[in-house]
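Engineer: Here is what each chain is made of, one letter per residue.
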Amino acid sequence: MIVAKGLTKTYGDFTAVAGIDFSVARGEAFGLLGPNGAGKSTTMRMITATLLRSGGDLSILGKDPDKAGPEIRAHLGVVPQADNLDTELKVHENLYIYGRYFGLSRKYLANKIEELLAFAQLEDKRNAKVDQLSGGMKRRLTIARALVNEPEVLLLDEPTTGLDPQARHVLWDRLFRLKEQGVTLVITTHYMDEAEQLCDRLIVMDQGKIMAEGSPASLIQNYSSPEVVEVRFGSDRNAGVATKISHIGDRMDVLPDRILIYAQDGEVALSEIIALGQHPLTSLVRRSSLEDVFLRLTGRTLVD
Amino acid sequence: MTQTQWRGASAIVNTHKIARFGALYAAEYRMRNMLKWWQAILAFGIGNPLIYLTSIGIGVGTLIDHHTHGAGPDGVKYLTFLAPALLATSALQGTMDEVTFPVVHGFDWRKVFFAMHAAGLTGKQIAQGVILSAVTRTVFTVSVYWGILWLFSAFDSARALWLIPIQIYFGACFGAVLMAVSSYMKEDDGWFAIIGRFVIAPMFLFSGTFYSLSTLPLSVRWVGWISPLWHATEVGRYFAYHHPISSLMLAVHVAYMTLLGLAGLYVANRKFALRLAA
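Chains A and B are the protein sequences, given in the same order. First residue of the first sequence? That's 23 in our numbering, and the numbers climb one at a time after it. First residue of the second sequence? That's 389 in our numbering, and the numbers climb one at a time after it.
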C-alpha cells in the first residue's frame with residue numbers, strides 16, 4: 023500500500039526525516055513509534071500526500087503523491103494530530119460535509135452517517151455542536167469522519183494523545199474492530215502501550231531516522247530481555263547502589279529516579295539484589311516493553 | 389460498521405468527479421457554515437440599506453434636492469445619484485465578509501481547509517469554493533438592496549436592473565483580492581480592523597460615493613482612482629441613469645476590476661496550495 027525509499031524532508035538546514043525506508047502491506051496495522059520531534063508526524067504528512075517530500079521515493083496506493091496527490095488522498099482516511107472538525111456545524115453535519123468533499127451522494131451519506139455514528143458511539147450526540155463533545159468524543163468523531171469514504175488506508179497521527187485512560191481504551195477498541203475488518207492502519211504514537219496494543223509491525227524513530235523495525239514482540243526479543251526489574255533506592259542513592267549490583271541481569275540502565283535491570287527472570291534478579299544486602303524502597307518486576315527497547319536504542323525515554 | 393460490507397474507497401469514490409466539481413463541494417461547505425449566520429446576513433442585508441437610505445438618501449437627499457431643485461450631482465435627484473454607490477458598497481462589503489474571516493477560520497482558527505485538503509480537494513478548488521460561496525451571498529445581498537432601492541424610487545428605468553449582475557461581478561473581483569490578502573494572514577492580529585479603518589473606510593469616503601470625485605482636489609482624487617468602489621460606482625451610475633462617461637472609460641473601469649479579480653485569484657490559488665502543503 024505504501025512504499026518509502028530514502029524518504030527525506032528538510033526545512034532549510036533542519037532535517038526532519040532523514041532518508042527512511044519502510045513499507046506497509048494491505049491489512050496491516052503499522053506503527054511509527056518515537057518521542058515528540060522524532061519526525062513521525064512529518065513522515066505521516068508525507069504519506070497522507072499532504073506534504074511534499076524533499077527527497078527519496080514514495081509510492082502510496084501505487085502512485086507518486088507528487089503527481090497524483092488529490093487522487094491518493096481521496097482513497098485515504100486521515101486523522102490529524104489536532105482535530106480539525108468544524109465547530110459551527112453539528113456532529114452529523116461534520117460527517118455529511120466531509121463525505122461531500124469526496125463527492126459522495128446524499129443517499130449514500132444518509133446511510134453511512136448512521137453507521138458511523140453507531141461506530142463512534144455518538145448516536146445520541148448527532149445534533150450536538152462539536153464544542154459540546156468531550157475530547158474522546160471529538161477524537162471518535164474525527165476517526166468516524168475519516169471512514170466516510172471507506173479508505174484503503176486509515177492513517178492516525180497520535181490518536182489518543184491528551185485523552186484519559188478510559189477514553190483511550192474505548193478508542194483502541196474501535197480501532198481494533200477496524201483492524202479485524204481488514205482495514206489497513208498506520209498509527210503514529212509516543213505511547214508504547216498503544217503501539218503494543220494496535221500494531222502488527224512498527225518502526226522506532228528518533229531524530230528523523232529509523233532505529234529499529236519489527237513486530238512489538240520481535241523488537242522486545244531483539245533489543246531487550248524478557249523481564250525487567252525496576253528498583254528505587256532514592257534519587258541520591260540510585261547511582262551508588264548501581265555500581266554494586268551491576269553484575270546482576272543482562273544489562274542495566276540507571277535513570278534519575280530508578281534503576282532498570284534487564285533479566286531473563288526478574289524475580290531471580292530481584293532476590294540476588296536483596297541477597298547483596300541492598301533493600302530497595304520499592305521494586306517492580308514486569309514484562310519487558312517497547313519503552314525498554316526505545317531506551318536501549320536511544321538512551322532516552324519515550325515521554326520525557 | 390457491521391451493517392454493510394466494507395467495499396473500499398476505490399469502489400465508492402469517483403476521483404474524476406472530485407477533480408471536476410471539487411470547488412462546488414468546497415462552496416457547499418462554506419454555504420452550510422454561512423447559513424449558521426443567516427440572521428446576521430439577513431439583518432445586514434436589509435438593515436444596512438434601510439438605515440443608509442433613510443439617513444443619507446432621504447435625510448441628506450431632501451436637503452440637497454431642496455437647494456438644487458431636484459437636479460443634484462449629475463443633474464439627477466440625490467437618491468438616484470447615491471443609489472449605485474450604495475449598491476456597489478454593499479456588493480463589496482458582502483463579499484468581503486465571506487473571504488476574510490472565513491479564510492482565517494479555514495487556515496488558522498479551525499484548520500478546516502486542512503481537512504478538506506486531506507480529503508482530496510486542491511488548494512485551488514478550496515479558494516474557488518470560498519469565492520463562489522461569497523458571490524452567492526452577494527447575489528442575495530445585492531438583489532435585496534436593489535429591491536429596497538427600487539421601493540424608495542431610486543431608479544428611473546428598467547435599465548437599472550443591469551446593476552445587479554454588474555455589482556455582483558465587481559464584488560467578486562474585489563473579493564478575490566481580499567481573499568488573496570487573507571490567505572497570507574497567520575492569524576487575525578487585528579489586521580482586518582486596520583484594513584477596515586485605513587483601506588475600506590477611506591475608500592468609502594473618497595470614491596465619489598456621496599459626491600462626484602471631480603469635486604475633490606487632485607491631491608486626494610487618486611484615492612478614488614485606485615479604489616475599486618469608484619470604478620464600480622462609475623459603471624453603476626452609467627447603467628442607472630446614463631451618467632456621462634466615455635466608452636473608453638467604461639472599458640477602463642471594467643478592465644481594472646477584472647485585472648484586480650484575476651490577480652487576486654492567481655495569488656489566492658497559489659497561496660492556498662502552498663499553505664496547505666507546507
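There's no promise every hint is true.
Computed footprint of chain B on chain A; a stretch qualifies when at least three of its residues, placed anywhere within it, have a C-beta under 8 Å from a C-beta of chain B [to be verified]:
#, segment
1, 35-46
2, 51-61
3, 71-80
4, 171-179
5, 275-286
Calculated directly from the structure, the hints in this document are not laboratory data. Think of the CB as a built atom: it goes at the ideal place given N, C-alpha and C, for glycine as much as any other residue.
Engineer: With reference to the structure, classify each hint as holding or not holding.
Structural biologist: Hint check results:
Three residues within the 8 Å Cβ limit are the bar, and the segment 35-46 of chain A against chain B gives 0, so the coverage statement is violated. Note: the segment 51-61 of chain A has 0 residues with beta-carbon separation from chain B under 8 Å; the three-residue rule is not met and the coverage is violated. With 3 residues having a beta carbon nearer than 8 Å to a beta carbon of chain B, the segment 71-80 of chain A meets the requirement of three or more and the stated coverage holds. Evaluation of the coverage hint for the segment 171-179 of chain A: fulfilled, as 4 residues show C-beta separations to chain B shorter than 8 Å, against a requirement of three.
With 0 residues having a beta carbon nearer than 8 Å to a beta carbon of chain B, the segment 275-286 of chain A misses the requirement of three or more and the stated coverage is violated.
Consistency note: the structure conflicts with the earlier hints numbered 1, 2, 5.
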